[in-house]
Amino acid sequence: MSSGGSPYRRHRKDVESGGSGGFQDYGSVCDPFDIVSTKSASVDRLKRWRQAALVLNASRRFRYTLDLKKEEEKKQIIAKIRTHAQVIRAAYRFQAAAGSEPEGAQKAPPSPIPIGDYNVSPEQLASMTRDHDFSALQNFGGVKGVAEKLKTNPDKGIHDDESKILERKNVFGSNTYPRKKGRSFWRFVFDACRDTTLIILMVAAAASLALGIKTEGIKEGWYDGGSIALAVIIVIVVTAISDYKQSLQFQNLNEEKQNIQLEVMRGGRRVNISIFDIVVGDVIPLKIGDQVPADGILISGHSLAMDESSMTGESKIVHKDHKSPFLMSGCKVADGYGTMLATSVGINTEWGLLMASISEDNGEETPLQVRLNGVATFIGIVGLVVAVFVLVILLIRFFTGHTRDAERRVEFIAGKTSVGDAVDGAIKIFTVAVTIVVVAVPEGLPLAVTLTLAYSMRKMMADKALVRRLSACETMGSATTICSDKTGTLTLNKMTVVEAYICGKKIDPPSSKSELPSRVVSLLIESVAQNTTGSVFLPEGGSDVEISGSPTEKAILQWGVKLGMNFEAVRSESSIIHAFPFNSEKKRGGVAVKLPDNEVHVHWKGAAEIVLAACTRYMDDNEQLVALDEAKVEFFKKAIEDMAAGSLRCVAIAYRPCEGETVPTDEDELAQWELPEGDLVLLAIVGLKDPCRPGVREAVELCVKAGVKVRMVTGDNLQTARAIALECGILASNADATEPNLIEGKSFRALTEGQRLEVADKISVMGRSSPNDKLLLVQALRKRGHVVAVTGDGTNDAPALHEADIGLAMGIQGTEVAKESSDIIILDDNFASVVKVVRWGRSVYANIQKFIQFQLTVNVAALIINVVAAVSSGDVPLNAVQLLWVNLIMDTLGALALATEPPTDHLMDRHPVGRREPLITNIMWRNLLIQAFYQVSVLLVLNFRGRQLLHSEHDPAEHAIKEKNTLIFNAFVLAQVFNEFNARKPDEMNVFKGVTKNRLFMGIVSLTVVLQVLIIMFLGKFTTTVRLSWQLWLVSIVIGIISWPLAVVGKLIPVSEKPFSEYFTDIFASCRRRGNRGGYEDDA
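Going left to right, the sequence shown walks through residues 18 to 1101 as my numbering numbers them.
Hints are supplied without guarantee of correctness; some may be wrong.
Simulated crosslink set (DSSO-like; lysine-lysine; CA at most 27 Å straight-line) [said to hold, decoys possible]:
1) K511 with K655
2) K530 with K649
3) K161 with K611
4) K706 with K655
5) K304 with K611
6) K161 with K445
7) K231 with K511
8) K706 with K304
9) K1014 with K481
10) K722 with K476
11) K603 with K481
12) K571 with K530
13) K571 with K523
14) K579 with K173
15) K274 with K604
16) K611 with K579
17) K579 with K654
18) K611 with K571
19) K304 with K161
20) K1038 with K445
21) K523 with K604
22) K579 with K522
23) K722 with K231
24) K763 with K649
Per label pair, the in silico range of CB-to-CB distance [claimed, not checked]:
25) E651 with T513: 19 to 29 Å
26) N271 with R1016: 25 to 35 Å
27) K433 with D972: 53 to 63 Å
28) A479 with N289: 13 to 23 Å
29) R1016 with C1088: 27 to 37 Å
30) W203 with T513: 57 to 67 Å
31) L555 with R1016: 29 to 39 Å
Everything labelled a hint here was simulated from the structure, so no lab data went into it.
All C-beta atoms, glycine included, are put in the ideal place defined by N, C-alpha and C.
Use the sequences and the hints to build the structure in full.
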């Protein structure tokens, strides 16, 4: 037994608790409401849980879940547009093969109609790129001709002039497309009106209104029916406003997701702009993982390959060169790098047409939504049974003459009571039964998930996390391990070259040109300038140079500038004839450069120990090539180890001169040529310092305290990784820095699957890992029962991000491919933001549980009070209008108040929540049963002994009963208001901690109290209540306020760690075993 602890304590049989237990195939679970992960759940499974749910208002209950019908329509539209793209491509393939024009192919006219200052129209450009019309491109004069017509420079791009850019937008359009309008407020009102129970109540209100006016006249007769109708209208409006606000939040989030930031060349400098600001004529650098932002033509590229599956549906990679230069918007760069000229934007592109024709569905299943629908269905069935029971009992009592009015007169006497009075009485009874269903079926339960997710997502944006998939918010609360990158996530990603080994010795400072021979300096400058995806821009005013590219590229380019590199001059003196883009598998990248004298140099740059292993010589102080003997290799290896131990990233630069005859001259052969990787000449080994981010050590310690293990998975040298891990606190001490805590990617890869499962749990740092190693580690950890969060930024990280329970892509360094495979984008690439996401994930789960505890208390109390009163006296103390008001407090306002509680540090004192743990824990059961028992007891005493306690036996019966029922109603509502504070902290004594910081909670509680005072004091005609004296108000407040000390006392009662549900399961199982045993004995 335990006296306290967390209401979210991990279920000891939870297979995902990170403890013992194997991996399960969750797809085989029979329960339709048991979907542990919706990340790749089949449509059939999603249909099954919806069909199994008891729903009285499907449009409200399934708000923000995936619209399966729309999803099907979306797929059909995409298929049509893809077919169109495939037909065009097939026609032009046929044309290329036959050497003739396909029928109906549109050629650009030789003298195009000038548009504005440009000698080409948007329609001609769109037709050329969309139809992949190579002959039209040739008619324009090739890429250079198109660039001239568009008044752009293929190297420097357009001028960064606002008025000129605006003119381009006016002529060629902007890179946006018409969005389908979101649903209007009135659509939400209509959806709220579709609630079955509210429709029945409106019909009952109309009948009651008609009968009331007929029997009592319009002046008095409209109150009963009118008050129900007014209460229903208020419920509808409040529901619609709440849903509409959430819809706007999701819309804003969707726009944020689509707002991709990218680099373009403007005026010779690389600038970061939004994808929506791309204009025709822009020169756009492309690298692996980028999304093509507009339709265009290739200016230059090296090993450039595109994944066009988003447009064509074909998964094969398409290579791009000057023979196949057309690039389609929306496609991804699979390999290589290059620059493109944007020729069509927005609606003039195939992608724009596609995006304009499909509406973005923000809906998505989350596991909690599915489970809460299961809970709501169970409660709803109980409520329905109770309501039918109450209806039958009350109708029997009414028509058998056992129901009396306030004056103790029998309400129905067979043969004497008029048909109108009998129908009026039956309608009132029916209305009460329907209202019990309204209270009992918690449509707001799944809605609470949406509210808390919408709130969390908005706040997470402020904490630098953009949520792409709703369910990731929830799942992050269950994360048991985070596999984090090193560079940029745990470190600042601000690199500088601090050490250099050149000519077989250490150069201090590393950019000391005077210590180096001119030949070595010129080769280093050539290598740094040509073998890079970055760029250097020298402003005309002579101010500081601007360097762009990845942090590693920027650091090496900065070092090159200090060595005296003139970037533009070096690039213009020689040309790249072939390139091998940097590859995270091989850990190096290279280029073949042709010099003015036709000599070819192959330059390599990459992981120091890998490039060093490919070197056979180095250049000494006398510019002589010296063989790398064993002693010199050991000297360099020792230098690498020392730099790595000092947490430096080590990069080696090498080159190899190529004989003319070994270099292909034919373009096709050159494209297939593999750069020589061996017999290299070592030019330099540099050490780059990338300091740890401030606050990372504290963030890692917080994770450890919260039961989340942080693992570093990096492509860097194992010793560099070890040094950073010790600095960050991932490794506690040098004693921990041994295998298998510290492991190299290739060692892990070489293990059998069984061995990988064995060591996966122990791994804290994996160095020199490839993206495939990361994927293997994620798979092993998931099979061990972990809920895995993974960070990634590269294209090759996509499989691991997709495989993980939560994929976290980096917002600054991450490629578009990585972002699209992720669930959450960390906008500042900071590990501390990852920890904030964990905190928010736990907050989502905690807030849902707070709301469940609060709602079930109201459910249980309201049902028991009305059922007991109906069965015993034939009357109910809480009428239809009052119950609708309670339902509003409980459903929409309660969800808003409790679902928007900000996360607290207390959440990180617990271990992760198992995803199969019961939603309603033992602590929650204890809290809600104590409160419900107290409320039911007090209110039933008031119901049956109220007149004696209030000394109103001698008052007029009608007024006395109204006063007693008003006191019950007032005390019940105030009890919920006070209990709302208890629900904030299910496992803490101080329920007021931080309450003033949650303005929405305080606002909703204040609004509820003000409205309750108005209802009792001024709206008695509508709610069938009377004004209460200050003494009775005091009694109501005291009844409500007792729930606070009662909650404190309740928290001292110990609860079992074994979930209550298991006790019932065990009893049921033992009964079945006995039954089976009895059957066997009978057979015997």
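Now the hints, each set against the structure:
In summary, the hint linking K511 to K655 is supported, as the alpha carbons are separated by about 25 Å, within the 27 Å threshold. For the proposed pair K530 and K649, the alpha carbon gap of about 23 Å is at most 27 Å, so the pair holds. For the suggested pair K161 and K611, the alpha carbons sit about 22 Å apart, so the restraint of at most 27 Å is met. Among the hinted pairs, K706 with K655 is consistent with the structure: their alpha-carbon atoms are about 18 Å apart, no more than 27 Å.
Distance restraint check for K304 and K611: the Cα-Cα separation of roughly 22 Å lies within the 27 Å cut-off, and the hinted pair is therefore satisfied. Restraint check for K161 and K445: not satisfied, since their Cα atoms lie roughly 83 Å apart, outside the 27 Å limit. For the hint linking K231 to K511, the alpha-carbon distance of about 82 Å lies beyond 27 Å, and the restraint is violated. Straight-line distance between C-alpha atoms of K706 and K304 comes to about 25 Å, which keeps the hinted pair within the 27 Å bound.
The hinted pair formed by K1014 and K481 meets the criterion: a straight-line CA distance of about 21 Å does not exceed 27 Å. Distance hint between K722 and K476 is fulfilled; the C-alpha atoms sit about 24 Å from each other, no more than 27 Å. Of the pairs offered as hints, the one joining K603 and K481 is violated, with about 33 Å between alpha carbons and a cut-off of 27 Å exceeded. Only pairs whose Cα atoms come within 27 Å are accepted, and K571 paired with K530 is accepted, the gap being roughly 19 Å.
As the CA atoms of K571 and K523 are separated by approximately 22 Å, the hinted pair is consistent with the 27 Å bound. Taking the CA atoms of K579 and K173, the gap is near 24 Å; set against the 27 Å cutoff, the hint holds. The hinted pair formed by K274 and K604 fails the criterion: a straight-line CA distance of about 31 Å is larger than 27 Å. Distance hint between K611 and K579 is fulfilled; the C-alpha atoms sit about 25 Å from each other, no more than 27 Å.
With a C-alpha separation of about 26 Å, the suggested pairing of K579 with K654 holds against the 27 Å cut-off. A hinted pair counts as satisfied when its Cα atoms are at most 27 Å apart, and K611 with K571 qualifies at roughly 24 Å. Distance hint between K304 and K161 is fulfilled; the C-alpha atoms sit about 22 Å from each other, no more than 27 Å. With a C-alpha separation of about 16 Å, the suggested pair K1038 and K445 falls inside the 27 Å cut-off, and the hint holds.
As the CA atoms of K523 and K604 are separated by approximately 24 Å, the hinted pair is consistent with the 27 Å bound. The straight-line distance between the Cα atoms of K579 and K522 is roughly 19 Å, inside the 27 Å bound, and the hint therefore holds. A hinted pair counts as satisfied when its Cα atoms are at most 27 Å apart, and K722 with K231 does not qualify at roughly 70 Å. Of the pairs offered as hints, the one joining K763 and K649 holds, with about 26 Å between alpha carbons and a cut-off of 27 Å not exceeded.
In this structure the hint that E651 and T513 lie 19 to 29 Å apart at CB holds, the actual value being about 27 Å. Judged by the Cβ atoms, the range 25 to 35 Å given for N271 and R1016 holds: they are separated by roughly 27 Å. K433 and D972 have their C-beta atoms about 29 Å apart, which leaves the hinted 53 to 63 Å range violated. Taking 13 to 23 Å as the suggested C-beta distance range, the pair A479 and N289 conforms, at roughly 22 Å.
Separation of R1016 from C1088 is about 52 Å and departs from the stated range, judged on CB atoms against 27 to 37 Å. Our hint of 57 to 67 Å for W203 and T513 holds, since their Cβ atoms are close to 59 Å apart. Separation of L555 from R1016 is about 52 Å and departs from the stated range, judged on CB atoms against 29 to 39 Å.
This entry does not satisfy hints 6, 7, 11, 15, 23, 27, 29, 31, going by the numbered hints stated previously.
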